[in-house]
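J.: Chain by chain, the residues run as shown.
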Amino acid sequence: MNQYPPLVVLGERSVEAEPPAPEPRELAFEFTGTASEYFRIWIVNLLLTIVTLGVYSAWAKVRNKQYFYRHTFVDGTSFEYVADPVRILKGRLLVAAVLGAIVAAQVYSLALYAALLVALVLVTPWAAVKALAFNAYNSSYRNVRFSFRGKPGEAFALYLAMTFFYVITCGIGYPFAQWRLTQFVAVHHHWGDTRFAFGRRSGEYYHAYVVVLLLSLPLYALLFGVLVALIRGGETAEPTAVVFLVTYAGLLIPAAFLRARLANLFYGGIGIGPHQLSSFQTGKELLVLYATNLAAIVASLGLLIPWAKIRLARYRARCTRLYAAGPLYAEAPIRHGETAVGDAATDLGDLGIDLGL
Amino acid sequence: MMRFSARYYDGQSSRATEVEVVLDGDVVRLEGLGVPVAFPLRQVRIAPRLGNTARSLALPGGAKCETSDNTAVDALEQRAGKGRASALLHRLESSWKGVLAAAALLALVVAGGLKWGIPLLARHVAESIPDALAYDLGQGTLSVLDRTLLSPTQISEQRQAELRAAFAAMASDYPGLPLELYFRRGIGPNAFALPDGTVLVTDELVELARSDEQILAVLAHEMGHVRHRHGLRMALESSTVALLFAAYLGDATQLTTLSASLPAVYAEAHYSREHETEADDFALDYLSRHGIAPHHFADILRALQAEYGAEPEGTLKYLSSHPPTAERLGRFEAKVP
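Just so you know, the sequences run in chain order A and B. Take the first sequence: its position 306, counted from the start at 1, is 306 in my numbering, and no numbers get skipped. Take the second sequence: its position 285, counted from the start at 1, is 285 in my numbering, and no numbers get skipped.
No lab work stands behind these hints, which were simulated from the structure alone. Hints may be right or wrong, so weigh each one.
[Claimed, not checked] Here are the computed distance ranges between Cβ atoms for each label pair:
id : chain 1 : residue 1 : chain 2 : residue 2 : range
1  : B       : R42       : A       : A161      : 49 to 55 Å
2  : A       : V121      : B       : V265      : 25 to 31 Å
3  : A       : V121      : B       : G25       : 27 to 33 Å
4  : B       : G62       : A       : A161      : 46 to 52 Å
5  : A       : L301      : B       : R42       : 44 to 50 Å
6  : A       : S300      : B       : H290      : 38 to 44 Å
[Unchecked claim] A partial selection of chain B residues facing chain A, derived with a Cβ cut-off under 8 Å:
id : residue
7  : G11
8  : P60
9  : K64
10 : T67
11 : T71
12 : L88
13 : M234
[Stated by the list, open to error] Facing chain A, according to a computed beta carbon distance under 7 Å, are these residues of chain B, among others:
id : residue
14 : G51
15 : E93
16 : F245
17 : A247
18 : S321
From the three backbone atoms N, C-alpha and C, an ideal C-beta is built for every residue, glycine too.
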């Protein structure tokens, strides 16, 4: 397991510890998509999806993803998403069939329903691994595919162990479980033959949660005060609107700060061979972005969703750097006949599981 | 002859080589690799155009050429006689006129779908489901309600028997429906139907009614719900609406969960009101056919309204699951036999 280059993380940027390393190049990620271009793709996707009663959604997904991949550049080259929409359609039909069966079971037999729910929970890690593998296999950079080689068995054991740990610690174990699962996801990714590494420790995840929790306390005190004042005051023109806003603020502000920290922990923790990613999103900027995006989406009845997504992608790219120790070079893994990893990855297609990292 | 520059990746490594792609008749030649490389055009897979993003030409054997010269690649695609669908898609996506037409069409399709399409579809699907399956629905709901909200009835056995007999006489008109009447206490004057044919009346409603006709009118309304399979239709309608909004909002749902649920709630309340009107139609029809004056239904509605107080007004009335009582009263009172 310990074949990763030794990484010095904490505080400073991780740097490869080999002696002749040249000064690492700092490579910016750049997102070049525009709202007006993406809006047109988005609305056509949507129209065709609805007119075809959802069948086109698989093609829409590929087109959508391709748009963001092809517009994300690092070191002068963009990423490529090469999934076959037919496989995605098959994956979606499978998910629809399973959900349909569960809904039907709920109506006709509660025992069967409960059994299916348990089965669904048990099958989740397997499906998540398949989805990660599919997504990685269909992502490429300079015509070298990524891959995810985590074993479903390992994912299953880890998932059970972490769920158990989370439950017996009454939730205090959550940051640890999240760190462990994130690590599993990260270190099993490869770009060609180059392994990913993950240089974070569980303590850093605890730190993120504790800081956000402490920051949230005065906020919740303030919001609580506002609510109490409202109820005491009695006569307000639109109490529901204020309660709505207060609730949203209470959800959105801590979420933005936590998201920024978790994104930095994740992306900034990733090493790709001798190279190291770094991420510096801030809660304040993310909050402004979320709040303005939300307001724009609501006010435009959803028409500004493409604009919101482009802004977010641009911000994420702007806050990510790659410290490249030498040229970005990877070789495709040696193929045994047909692509061994690919076969396992593509027999199911994309299940639409997003880990939200 | 056609020529453009591209970056060549052999597929074995990430190393890039600048090449010139030359189309010579039906053969694609690459210049700049040191060795002559050529493929028949029909073996080259061209990635679909997407805005002005760089596209790749996948060559047999796993190598790729990437270029942002979209005009040249379009011409190449045309020469190969491929990519008509993707070219059409791109043309649609690149003209604002086309996009605005798409947006207008989308608005029409969604509005029409919400108002007529989804209810129509739900009705057809619900009616095509065989009886045995349709009325299996919701079994066990009553026992759950018994454990949570409802308590046993306190209506005398004799009174129950009277009402059951009247109900059985009504039900005999609809031999296909597995109708059964239950009495329970505990949630105020109310009556409801479950999709499996259970019709439930509360003690409070029986006590509120001034005559048996009033109770029968309510029962007729509830039978209408069972007859039209409203439970099943509601399930179909609300799940379709949920899917529709999921498609629209996509990834944005995380941000807009609270505000996204509101339009769906509006739509569902609209369907519910339509179902109530349909059940009212059923009751009106039943009452007139059996010589019961329709005003009995209006009378009990008025009594219920007095019991429950004012209804929501303004925009809030669009969130109501039932049509305004005044509107419902009008339909039953206009029809004096």
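J.: All hints, please: hold or fail.
T.: Structure-based check of all given hints:
Under the hint 49 to 55 Å, the C-beta atoms of R42(B) and A161(A), about 53 Å apart, fit the expected range. Remark: the range hint 25 to 31 Å for V121(A) to V265(B) is upheld by a beta-carbon distance near 29 Å. Restraint check, V121(A) to G25(B): a C-beta distance of roughly 59 Å breaks the suggested window 27 to 33 Å. For the pair G62(B) and A161(A), the supplied restraint of 46 to 52 Å is violated, since their beta-carbon distance comes to about 39 Å.
For L301(A) and R42(B), the Cβ-Cβ distance of about 46 Å falls inside the hinted range of 44 to 50 Å, so the restraint holds. Remark: the range hint 38 to 44 Å for S300(A) to H290(B) is contradicted by a beta-carbon distance near 54 Å. Annotation: interface hint on G11(B) holds; nearest CB of chain A at approximately 5 Å, less than 8 Å. Of the supplied interface hints, the one on P60(B) is violated, with its beta-carbon coming no nearer than about 14 Å to a beta-carbon of chain A, more than 8 Å.
Checking K64(B) against chain A: minimum C-beta separation of about 4 Å stays under 8 Å; hint holds. Nearest Cβ of chain A to the Cβ of T67(B): about 12 Å, over the 8 Å cut. The hint is violated. The closest approach between the C-beta of T71(B) and any C-beta of chain A is roughly 17 Å, which is over the 8 Å cut-off, so the hint fails. At about 10 Å, the closest approach between the beta carbon of L88(B) and any beta carbon in chain A exceeds 8 Å, and the interface hint on this residue is violated.
Taken as an interface hint, M234(B) does not check out: its beta carbon lies about 12 Å from the nearest beta carbon of chain A, beyond 8 Å. Among the interface hints, the one on G51(B) holds; its C-beta lies about 5 Å from the nearest C-beta in chain A, closer than the 7 Å criterion. Proximity of E93(B) to chain A holds as hinted, the smallest CB-CB distance being about 5 Å (cut-off 7 Å). Given hint, F245(B) at the interface with chain A, is violated; its Cβ is 9 Å from that chain's nearest Cβ, farther than 7 Å.
Checking A247(B) against chain A: minimum C-beta separation of about 6 Å stays under 7 Å; hint holds. Contact between S321(B) and chain A, as hinted, is not supported at the beta carbon level, the nearest pair being about 19 Å apart and thus beyond 7 Å.
Taken one by one, the earlier hints fail for this structure at numbers 3, 4, 6, 8, 10, 11, 12, 13, 16, 18, listed in ascending order.
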